[in-house]
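Given chain A, put chain V in place with the hints provided.
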Amino acid sequence: GAVVSQHPSRVICKSGTSVKIECRSLDFQATTMFWYRQFPKQSLMLMATSNEGSKATYEQGVEKDKFLINHASLTLSTLTVTSAHPEDSSFYICSARGTGSNSPLHFGNGTRLTVT
Amino acid sequence: KNQVEQSPQSLIILEGKNCTLQCNYTVSPFSNLRWYKQDTGRGPVSLTIMTFSENTKSNGRYTATLDADTKQSSLHITASQLSDSASYICVVSSFNAGNMLTFGGGTRLMVKP
Numbered sequence: 169g170a171v172v173s174q175h176p177s178r179v180i181c182k183s184g185t186s187v188k189i190e191c192r193s194l195d196f197q198a199t200t201m202f203w204y205r206q207f208p209k210q211s212l213m214l215m216a217t218s219n220e221g222s223k224a225t226y227e228q229g230v231e232k233d234k235f236l237i238n239h240a241s242l243t244l245s246t247l248t249v250t251s252a253h254p255e256d257s258s259f260y261i262c263s264a265r266g267t268g269s270n271s272p273l274h275f276g277n278g279t280r281l282t283v284t
Numbered sequence: 009k010n011q012v013e014q015s016p017q018s019l020i021i022l023e024g025k026n027c028t029l030q031c032n033y034t035v036s037p038f039s040n041l042r043w044y045k046q047d048t049g050r051g052p053v054s055l056t057i058m059t060f061s062e063n064t065k066s067n068g069r070y071t072a073t074l075d076a077d078t079k080q081s082s083l084h085i086t087a088s089q090l091s092d093s094a095s096y097i098c099v100v101s102s103f104n105a106g107n108m109l110t111f112g113g114g115t116r117l118m119v120k121p
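Keeping their order, the protein sequence lines are chains A and V. For any residue, its number in the working numbering is found by taking its place in the first sequence, counting from 1, and adding 168. For any residue, its number in the working numbering is found by taking its place in the second sequence, counting from 1, and adding 8.
Only chain A is shown next, with the shape it has when bound in the complex:
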């Protein structure tokens, strides 16, 4: 069964609004969570790495003020797309990993964001 729950699966919002995406680890404590963006027919692009209780580490080119990440607990991380624009429309996926270098990396089912 799914061990990482991502919500919502689809969201449509208007330009200028903010959207929050949740990523929950269901049966393990996720010390590290990752957020990705995926364009059609392309592989995953890592946006940021989130460690519980500390600030997220953003990849080069990703605006931290636009993509707010909060990892307040060992089972929940959120990604908020602020002041969304149509070019933010994409598929966003989270993943979570427990302790240990060989801990499985579990992915959420993704969120399809459409900004109109």
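Read the hints as simulated data drawn from the structure, not as lab findings. For every residue, glycine included, the Cβ atom is placed at its ideal position computed from N, Cα and C. Certain hints may be false.
[Said to hold, decoys possible] Covered stretches of chain V (chain A as the covering partner; in silico rule of three or more C-beta atoms under 8 Å from a C-beta of chain A):
{"#": "1", "stretch": "50-61"}
{"#": "2", "stretch": "110-121"}
[Stated by the list, open to error] With a straight-line Cα cutoff of 25 Å, these simulated DSS-like cross-link-like pairs (lysine-lysine) come out:
{"#": "3", "chain 1": "A", "residue 1": "Lys223", "chain 2": "A", "residue 2": "Lys188"}
{"#": "4", "chain 1": "A", "residue 1": "Lys234", "chain 2": "A", "residue 2": "Lys188"}
{"#": "5", "chain 1": "V", "residue 1": "Lys9", "chain 2": "A", "residue 2": "Lys232"}
{"#": "6", "chain 1": "V", "residue 1": "Lys65", "chain 2": "V", "residue 2": "Lys25"}
{"#": "7", "chain 1": "V", "residue 1": "Lys25", "chain 2": "A", "residue 2": "Lys209"}
{"#": "8", "chain 1": "V", "residue 1": "Lys65", "chain 2": "V", "residue 2": "Lys79"}
{"#": "9", "chain 1": "A", "residue 1": "Lys188", "chain 2": "A", "residue 2": "Lys232"}
{"#": "10", "chain 1": "A", "residue 1": "Lys209", "chain 2": "V", "residue 2": "Lys120"}
{"#": "11", "chain 1": "V", "residue 1": "Lys9", "chain 2": "V", "residue 2": "Lys79"}
Leaving out everything else, chain V in the frame of chain A:
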């Protein structure tokens, strides 16, 4: 620079046939290599995870190999089914930087009847 290259980028095969996907990496120091299957519009699902000492690992009709000397991995799919149509992503983890992950570009497989 850590890189993961996958080939081919896309592949079309007939149902029942076998196929092999390739993954070459330059990630160092190497921790582990994972193969994921991603159905369209879904999150990736783990197929196998291989550490330095493992050469072959199977998961049903999927068999992954790893040659740590040449830094190559392959994913072999036997007796393909229509449901195997998906993107297959190779992800390599490094001991550096908190087990940094490097993603391959994926191989898009289409199995036709």
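Self-check item: 25 Å Cα cutoff - pair Lys9 of chain V, Lys232 of chain A
Solution: 24 Å, holds
Exercise. For the pair supplied as a hint, Lys25 of chain V and Lys209 of chain A, confirm whether the alpha-carbon distance does not exceed 25 Å.
Key: Holds, because 24 Å separates the two Cα atoms, which is no more than 25 Å.
Exercise. Verify the proposed pairing of Lys234 of chain A with Lys188 of chain A, using a straight-line Cα cut of 25 Å.
Key: Status holds; Cα separation ~12 Å.
Exercise. Verify the proposed pairing of Lys65 of chain V with Lys25 of chain V, using a straight-line Cα cut of 25 Å.
Key: Status holds; Cα separation ~20 Å.
Quiz item: For the stretch 110-121 of chain V, does the count of residues with a C-beta closer than 8 Å to a C-beta of chain A reach 3?
Solution: holds (count 5)
Quiz item: Is Lys9 of chain V within 25 Å of Lys79 of chain V, Cα to Cα?
Solution: Cα-Cα ~14 Å, so holds.
Quiz item: Do the alpha carbons of Lys223 of chain A and Lys188 of chain A lie within 25 Å of each other, as the hint requires?
Solution: 17 Å, holds
Quiz item: Going straight from one Cα to the other, do Lys209 of chain A and Lys120 of chain V come out at no more than 25 Å?
Solution: With Cα atoms ~19 Å apart, Lys209 of chain A and Lys120 of chain V stay inside 25 Å; holds.
Self-check item: Proposed proximity, Lys232 of chain A with Lys188 of chain A (alpha carbon, max 25 Å)
Solution: Since the Cα atoms of Lys188 of chain A and Lys232 of chain A sit roughly 14 Å apart, the hinted pair holds (cutoff 25 Å).
Quiz item: Between Lys65 of chain V and Lys79 of chain V, does the CA-CA distance stay at or below 25 Å?
Solution: With Cα atoms ~16 Å apart, Lys65 of chain V and Lys79 of chain V stay inside 25 Å; holds.
Quiz item: Are at least 3 residues of the stretch 50-61 of chain V within less than 8 Å of chain A when you compare beta carbons?
Solution: Contact hint for the stretch 50-61 of chain V vs chain A: holds, 7 residues under 8 Å.
No hint from the list above goes unmet by this structure.
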